[in-house]
Amino acid sequence: MHVQPFLRMDNIRKRFGSVIASAGATIEVEEGEIYALLGENGAGKSVLMNILCGILTPDEGEIVFRGAPLRLGSPEQAVRHRIGMVHQHFMLVPSLTVTENYMLGQGSPLRLLSRMRAVSSRISELSDRYGLDVRPDSVVRNLSVGEQQRVEILKVLYHGIDLLILDEPTAVLTPQETDRLLDLLRGLVKEGKTVIFISHKLDEVMRVSDRVSVMRDGRVVFTTKTSETDPRELARMMVGRDVLMDLPRTAAQPGRVVLAVTNLHCNNELGLPAVRDISLEVRQGEIVGIAGVSGNGQSELALAMTGLVPTTAGSIKLNGEELRGLSPSAINRRPFAHVPEDRHKMGIVLPLPLTENVILQRYNQAPFSVRGLLDLNAIADHARDLVRRFKVKARDVDVLIHTLSGGNQQKLVVARELARRPDFLLINQLTRGIDIGAMEFVMQEVLKEREAGKAIMLISTELEELFAICDRILVIYEGRIIGEVPPDRSRLDELGLLMAGKRIDTAPAATLM
Amino acid sequence: MADINIPPPTNATSILAGASLRAGLSRLAKATAPPVVAVLLALLAGAVLLAVTGFYAFDIFTVMVNGVFQDVGSIAEMLLRATPLILIGIGLCVAFRCSIWNIGAEGQFYAGSCAATFCGVQFAGLPSWAHILLILVAGAAAGALWAAIAGLLKVLFNASEIVTTIMLNYIAIFMTSYLVTGPLMESGAAYPQSAKLLREVWLPRVVPSTRLHIGILIAVALAMIIYVFLFRSSAGYAVRIVGINSHAARYAGISVRRSILLAISISGSMAGLAGAMQIAGVTHRLYQDISPGYGFEAIAVALLANNNPVGAIFSGILFAVLDSGSELMQINAQVPQVLVFIIQGMVILSVVGFAALKFQSARPQE
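Chains A and B, in that order, are what the protein sequence lines are. Okay, so the first sequence: first residue is 1 according to the numbering used here, each after it adds one. Okay, so the second sequence: first residue is 1 according to the numbering used here, each after it adds one.
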């Protein structure tokens, strides 16, 4: 029917400094459909949509909308083309009423004041029509997150938008609110609107979308009708990697339990449950993998174990000693090392030299600090030692760490953590964003630690990494451990199903734990 | 970008390096080039401004420099002016390195002045050296406490220190007015001022027949000490990590709250000490408007020094030269003093501009 699709974004490229956010992504959207853009955090979904709604301009590529090329310089221009986006972080002024928020930036204040009543009654009318339950005179600050989201959606409808983009709309919603939102989206499509829906949650995509594209590393790797795929296939597409070379390793000989987590609960930063009743054990000489689509509680689990976010219930025991309730610095003094998920945000301090980065947790301990003063020679020696042992490519130990490649930064982080001689090593994302050479190197180092009898827990969204070095793989879904699979590539389908939240009867539930 | 960000501390590298002298020198050049270029650009812009308003810039600058460096007496006066700027500036280096935007040094200076005056007119009979020590310590402690109020509000209630320190400035300034018109007012005085400090507690002078007191030497020594604190002590390391990346600080087990309180208290103590020295070394009594805005000018001193305490010695002197020079220009060349204030403003703007440029190029956009 359509010679030209409703919307086509062709070969969109966008880079920020050295980071490639969009590496030639192409999508086509039909009029009147719900189109889901699926992918892990950082896959490039939001960047692509920010380009479509005029917030970002692409470096390369073109957008064709309703048969005509579209060049946008601002979100206002997008609105003029009837394209609107509801962002993950709401763009509302908390101290203003709904009506006042809608009037922001809509022309001269004097004219607006006279139109206040008209705007307000238009809001009521639209709210009734879509069943959104938005009251124009409510102050935004007093609304729940779900209500604020409906205010945002209604704002887009108020501007007469035909193409509605939603960025991770369910991330902040309760299950009931999610149901309501998905119903609303179906209703909008019946009215002839078109919806693009960004998500990393498979079940929502399956429930509501007509078609789905999977993004990975800034590219669209897979597009299909939702009715012709299943969560397992989508999960595999989301996390798929090139197969790594198999690393030689001996069979695990697990010893005594080093780390035991029992019935652990914690909330995310919005106060919603993120880790729900997780229990697991890690023994000497084994690597336990935690697989899952990102955003299922992995970050919170790691932070809770290290004392960086408060837990609400449960226990974390290291060598039989309770860690729950200890401060991060107290946990740092235990034989517990942690390779954090995001090295730029947490693992290293970018504008400082290697020397000052290798003492991060031990800055006030001997031999690096003597009577409160830093021993610069001891620090430099230690840094040189780590650089040599881990083959970190750096001109000298006093160069700033942001001049190193991601792989070399990660090598240094792993080296620093292993140098603390931990009994237990918690790794959240071992090889994210680093080159193949560095990847194999750090994986081998971690395997060596296993041989040496360390207990290791590896949280990863990259299945190949888990298959390559883990001895068993637990699957986390919506904050729960829902199954265990052996690190056997022939069990990939089973793993994919578990990651999509589908418990299977044949899964060895009995061996869970 | 919600926060104002301090450019990366290039000098920290050279300290931990143990590198060769040549590498050290090249780093020093790299660290000092931006502020020097910024100052030169600002002076150039000032020259244009002077030319537009009908003055011959070269003559004016010559008058200024010759006047400031005319003789020992004029140099001493300039250094006297630099003393509080350096002291407050090195304290602000610590706060700014911790990403704490202490705009309240002015109020902390007043708090220190009041405490010093109180101790200076009391406790007669103490040995002179002990009394002086008491005055200086009291001033520093009062400044630290005044700043710690803002620090506590920050760590307990997440109140913006920019707002609270500005508000505390007003309280301190009006409190001083109250003291010199009431409890501390000299009996029988015609003007609101405190009693004169006993001669025994006046700070010793370092250059005969000038007003320059030992405060300048103490300021330089403290600049070195603060430098060592920031770049060679573990507590200073913690302060800097908190300032650059609080997530990494928490991961490292650093108490973010403790570092914030420490940094703002140190910065307040330096401002309070500067106030005490102004009382014990220069005015010898407290009155209203005791500070011509040292606490604000010192913000520029710290910024121009890229928050390096040793650099703050030089930037403090530079601002003192501009200050002293501005008076001379007005007297000897009939150049309105406000033009010099404009030039000072340009120095600050170009320094901040350089810092922003450096910051942008050093960081990928989000």
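Some hints could be false.
[What the hints assert, rightly or not] Here are the simulated DSS-like cross-link-like pairs (lysine-lysine), alpha carbons at most 25 Å apart as the crow flies:
(1) A:Lys225 to A:Lys193
(2) A:Lys391 to A:Lys345
(3) A:Lys502 to A:Lys448
(4) A:Lys345 to B:Lys154
(5) B:Lys30 to A:Lys393
(6) A:Lys317 to A:Lys391
Everything labelled a hint here was simulated from the structure, so no lab data went into it. Remember, it's a predicted structure, so these values are computed and weren't measured experimentally.
Violated constraints from the hint list, given by number and in increasing order:
Hints 3 and 6 not satisfied by this model.
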